[in-house]
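Start from the sequences, fold in the hints, and give me the full structure.
Chains as they are written, first to last, in this note's numbering: chain Z, 1 to 151; chain F, 1 to 393; chain U, 1 to 394.
Be a bit skeptical, because a hint or two may be false.
[Unchecked claim] Okay, derived cross-link-like pairs now, SDA-like style, lysine to any residue, Cα gap no bigger than 20 Å in a straight line:
| hint | chain 1 | residue 1 | chain 2 | residue 2 |
| --- | --- | --- | --- | --- |
| 1 | U | 134 | Z | 24 |
| 2 | U | 162 | Z | 29 |
| 3 | Z | 19 | U | 383 |
| 4 | Z | 62 | U | 118 |
| 5 | U | 379 | Z | 37 |
| 6 | U | 383 | Z | 82 |
| 7 | U | 134 | F | 359 |
These are computed hints drawn from the structure, not numbers from a lab.
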Amino acid sequence: MYFFAKAVVCCSRYDEDFKKYVGMLPERFVFRFRILPDGASMTLVKNNDRLSASTGKELLHKPDVDVCFKNVEGGFAFFSGRKSFAKCFAQSAFVIYGDVSGMMTVSHMFDIVGSYILTKRMLRKYDRALLPRDAGVHKVRFLTLFGRFGQ
Amino acid sequence: MSTFSFFNDTKILCGDHALDNLPFELRERDCTRPLFISDERSYRLGFAKEVKRAMDNDIIDFGATYFKLAEKASPSECDDIINLYKAHDCDGIIALGGENVTQCAKVAKLMLLQGVGDFVYFNHKADMDADKATYSDVPLFILPTDIPCGIEATDRAMIYDEKNNVFYNFNSVLSRASAVILDVRLTDIMPAKAMATAGLGALAMGVKGFVDNSDNPIALAYATGAIHTLINELLPAMRHNSNSDYRISIYSSIINAGVAYYAVKESLMRDMTNELSIKTSLSALQILSILFPVYYKEKVGKDRVFKSVLMPLVGEEQYALSNAKSREIIAQDVLREFWQKVVSLAEIPSSLHEIGVEQSDFVKLADAVITRYKGNDPHNNFTTIVKLLEEVF
Amino acid sequence: MKNSGFYYEFYNPSKTVCGVNCLAGAVERLPRLGLHNAFFVCDDIDKSTAVDEVRKAVNAVKIKTGAMYVISEKAVCLDSLREMRNVYRVNNCDCIIACGDYKVINTAKTLRLLLSAQVARFEDVKGINAARKKTDIPLVVIPTSVGISNVMTSSVSVKDDKGQTFECLSPLAAPDYCIVDPTLTSVFDAPTTIAGALESFAKNVEEFVSKQAVTLTKCMNLIAIREIRDNVFKVVNDPMDVHAVLGLQRAGLLAGICYSNASAGITHALAGALSIVSGAENYVCTGIVFAACMRYNLDVAERDYAQALYYIVGDDKYAATPAEDRARTLIETAERLIKELFEENGLPMSLTQINVKEEDLDRIVEETMKSYTLVTNPKNVKKEDVYAILRSVM
Numbered sequence: 001m002y003f004f005a006k007a008v009v010c011c012s013r014y015d016e017d018f019k020k021y022v023g024m025l026p027e028r029f030v031f032r033f034r035i036l037p038d039g040a041s042m043t044l045v046k047n048n049d050r051l052s053a054s055t056g057k058e059l060l061h062k063p064d065v066d067v068c069f070k071n072v073e074g075g076f077a078f079f080s081g082r083k084s085f086a087k088c089f090a091q092s093a094f095v096i097y098g099d100v101s102g103m104m105t106v107s108h109m110f111d112i113v114g115s116y117i118l119t120k121r122m123l124r125k126y127d128r129a130l131l132p133r134d135a136g137v138h139k140v141r142f143l144t145l146f147g148r149f150g151q
Numbered sequence: 001m002s003t004f005s006f007f008n009d010t011k012i013l014c015g016d017h018a019l020d021n022l023p024f025e026l027r028e029r030d031c032t033r034p035l036f037i038s039d040e041r042s043y044r045l046g047f048a049k050e051v052k053r054a055m056d057n058d059i060i061d062f063g064a065t066y067f068k069l070a071e072k073a074s075p076s077e078c079d080d081i082i083n084l085y086k087a088h089d090c091d092g093i094i095a096l097g098g099e100n101v102t103q104c105a106k107v108a109k110l111m112l113l114q115g116v117g118d119f120v121y122f123n124h125k126a127d128m129d130a131d132k133a134t135y136s137d138v139p140l141f142i143l144p145t146d147i148p149c150g151i152e153a154t155d156r157a158m159i160y161d162e163k164n165n166v167f168y169n170f171n172s173v174l175s176r177a178s179a180v181i182l183d184v185r186l187t188d189i190m191p192a193k194a195m196a197t198a199g200l201g202a203l204a205m206g207v208k209g210f211v212d213n214s215d216n217p218i219a220l221a222y223a224t225g226a227i228h229t230l231i232n233e234l235l236p237a238m239r240h241n242s243n244s245d246y247r248i249s250i251y252s253s254i255i256n257a258g259v260a261y262y263a264v265k266e267s268l269m270r271d272m273t274n275e276l277s278i279k280t281s282l283s284a285l286q287i288l289s290i291l292f293p294v295y296y297k298e299k300v301g302k303d304r305v306f307k308s309v310l311m312p313l314v315g316e317e318q319y320a321l322s323n324a325k326s327r328e329i330i331a332q333d334v335l336r337e338f339w340q341k342v343v344s345l346a347e348i349p350s351s352l353h354e355i356g357v358e359q360s361d362f363v364k365l366a367d368a369v370i371t372r373y374k375g376n377d378p379h380n381n382f383t384t385i386v387k388l389l390e391e392v393f
Numbered sequence: 001m002k003n004s005g006f007y008y009e010f011y012n013p014s015k016t017v018c019g020v021n022c023l024a025g026a027v028e029r030l031p032r033l034g035l036h037n038a039f040f041v042c043d044d045i046d047k048s049t050a051v052d053e054v055r056k057a058v059n060a061v062k063i064k065t066g067a068m069y070v071i072s073e074k075a076v077c078l079d080s081l082r083e084m085r086n087v088y089r090v091n092n093c094d095c096i097i098a099c100g101d102y103k104v105i106n107t108a109k110t111l112r113l114l115l116s117a118q119v120a121r122f123e124d125v126k127g128i129n130a131a132r133k134k135t136d137i138p139l140v141v142i143p144t145s146v147g148i149s150n151v152m153t154s155s156v157s158v159k160d161d162k163g164q165t166f167e168c169l170s171p172l173a174a175p176d177y178c179i180v181d182p183t184l185t186s187v188f189d190a191p192t193t194i195a196g197a198l199e200s201f202a203k204n205v206e207e208f209v210s211k212q213a214v215t216l217t218k219c220m221n222l223i224a225i226r227e228i229r230d231n232v233f234k235v236v237n238d239p240m241d242v243h244a245v246l247g248l249q250r251a252g253l254l255a256g257i258c259y260s261n262a263s264a265g266i267t268h269a270l271a272g273a274l275s276i277v278s279g280a281e282n283y284v285c286t287g288i289v290f291a292a293c294m295r296y297n298l299d300v301a302e303r304d305y306a307q308a309l310y311y312i313v314g315d316d317k318y319a320a321t322p323a324e325d326r327a328r329t330l331i332e333t334a335e336r337l338i339k340e341l342f343e344e345n346g347l348p349m350s351l352t353q354i355n356v357k358e359e360d361l362d363r364i365v366e367e368t369m370k371s372y373t374l375v376t377n378p379k380n381v382k383k384e385d386v387y388a389i390l391r392s393v394m
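This is the structure in structure tokens:
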């Protein structure tokens, strides 16, 4: 979850498609992923057309989209790239509180993140239709692994 | 097109990691102190531990546990469950195990909702045709470990009182499970024989459900799906019985076939199966796997719907190519060939005398069936039953 | 054989009673649900006698009419929901009986969702399976139209105060009791029948190829497609044929059950977006984009389309069509049928005819990408793909 959050933040800076999707979200849009009933969580906030991340559980206000995985296994399968967002949805792995259309934008964004950080083989399993990105893959992967968290 | 009515609100969770969703389902139903019941076999095989492990990550704890259910469901077992449930102030039941656990749990739920604590009293009071969609529920979660028996997702529950030689057959929405959870981790490798018997029994249920539910598109879909899966995956599941994907697929079709089979209120076939089940102490699926050939033979030329069974049996391609007038004969041939293939491959009993039924029992059996049968089809009489029994002897 | 990692859930919480003249028999059982004082939600009473019939039947089993609310607007808006909630509470009602078409049922389902979850604002139940049941509010729905694919679904769509439409998915939105009696349907003109049949057909095909579909839902979809094929022209030719109307309604019921369990795909998303932007009826938009969307999914859903062809064309034509051409034949057949029916009834056949201009495409695409049904479309949908589909039907 920690690395995934870093990858999302990196993509929001370097990928043009990703930026377009971020642009579709309203300012101060908050989305959170968490594991039920009281597990780990990841919160992403849009600030000045950029996304920033935190793994703190406390939030100042209710998230616009709150994706809650029903159990650890479901969350792990998603964050480790074994299951795509679409597959998790099809298998009812989570419940979603909040704006469903916002959730869709987030799902498109996560597909892009997947195409950066997953290997070709994993990507085929994750979602056959996604292609590895041509440019900036190494930069995003490097920053995901070694970059600073949360900005 | 006549009127149909269908109601089945049991949630089915089937496949990989289905068990991990149990805590979520419990929370959704505000169940915080479930009673966890199981039989010794499931406990010894470690399935109970798997369930406990799935609950470990969660805030919910068991209200009480009971792992000593006997191999045969009986009224005294139901009483034990009720006493435990009340003593520990539980608010739901998790039933892990085979047919015995399922039956006991369903009857216990029915008793709890009826507000009775003793089976003897309960039997006189039970409202068999309750139709409440909104009642104060006792969430019941069924986790089959053996091959399912087909009643998991239905209104049915059956208990045989050996002491008094009475067979109780309950049919009430109050006995329905909230969810059936089929997880690979809770199943073990099944011998090809057991898989073959259950598969053929379920196919019989599916075909019967298909023919009897021609006016009920929802039950028809359950039957069609079950027939299609069983005909295509039963043989591979027997050959590769360690393959959990095939296993789960067959198990879920047995549950679906059960929904279609029990969607019809009265059935001579079902009454005959129950009587033979009591007589031989075998499961309904085992009996059905023997009665099956007689059943489809009976339908040829008499039932206009039977020819449509060919569709899920052979698929659209073969169905479209077949002669419309001979479809029922082809359906019968396909079923017979399949039955013979499975029976010879698994070497399972194919006649009544192989399971210990004597010809001298026929009159008594037929008498019991006709007493139990509440339908009004004039063809279903004493002579028909004896004739059917003789054919499978 | 299933892929490793195979998992599905199936849930259908509604009781269905369906048949010609089944109303009286079905409502007889309602008092056993503990209903005494009903809140009626219905459409324009002057247009049909169905509401009166239902009220009489319900009153005959000693369930009072606590209050009645007539729906006039096309989409559910929050203001009317607030008002309905107040009326429900003031009159001490204990159940909701909805009798009418799509909009009536959608409104009643949303009201039940809010009352059952005991929340004051729609924001609190927005989402997918987000609402939790706090109290029992039995909901009985009695559809009076042919296109009833929304009756059994657990989804509702609501317009918020800013005019934006939200979809919400929750088992609390599904009715407890659904009574389908074709004698309660109004006498329809051909376009209304086409509307119902087309929406139901498109939904069934989409659900059939959805990523979430399983054997059980697929069987339901195929049975529904066959019912539509057998009955649609009968109803067009004779709207009084109650058995044919019942056939279409049964297909709608099945589509609804599958929608809750298998979701839909790009046609649903695109038609919804088009309807919002252009203001055209949803079925018209479905008719315009359906074939193009099927063509878009063809490469990944070819096998399923080929299978579905049988249920449209029957034995002879299916057997005569080479296996590799079956999927394409399905699309062509659907396209031809829609064209014929639309042309005969003077319905628009392209985006230009419903006043969609090139500059509207951006908004349509944006709205389409917001629909959650895209997630279960067999093909991963990108913005460019939606543009291409829209341009092909301009």
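Hint by hint, here is what the structure shows:
This hinted pair does not check out: residue 134 of chain U and residue 24 of chain Z have alpha carbons roughly 35 Å apart, beyond 20 Å. For the proposed pair residue 162 of chain U and residue 29 of chain Z, the alpha carbon gap of about 18 Å is at most 20 Å, so the pair holds. Distance restraint check for residue 19 of chain Z and residue 383 of chain U: the Cα-Cα separation of roughly 14 Å lies within the 20 Å cut-off, and the hinted pair is therefore satisfied. Between the alpha carbons of residue 62 of chain Z and residue 118 of chain U the distance comes to roughly 19 Å, so the proposed pair stays at or under 20 Å and holds.
Under the criterion of a C-alpha separation no larger than 20 Å, the hint pairing residue 379 of chain U with residue 37 of chain Z is inconsistent with the structure, at around 33 Å. About 25 Å separates the Cα atoms of residue 383 of chain U and residue 82 of chain Z, which puts this hinted pair outside 20 Å; it is violated. For the suggested pair residue 134 of chain U and residue 359 of chain F, the alpha carbons sit about 59 Å apart, so the restraint of at most 20 Å is broken.
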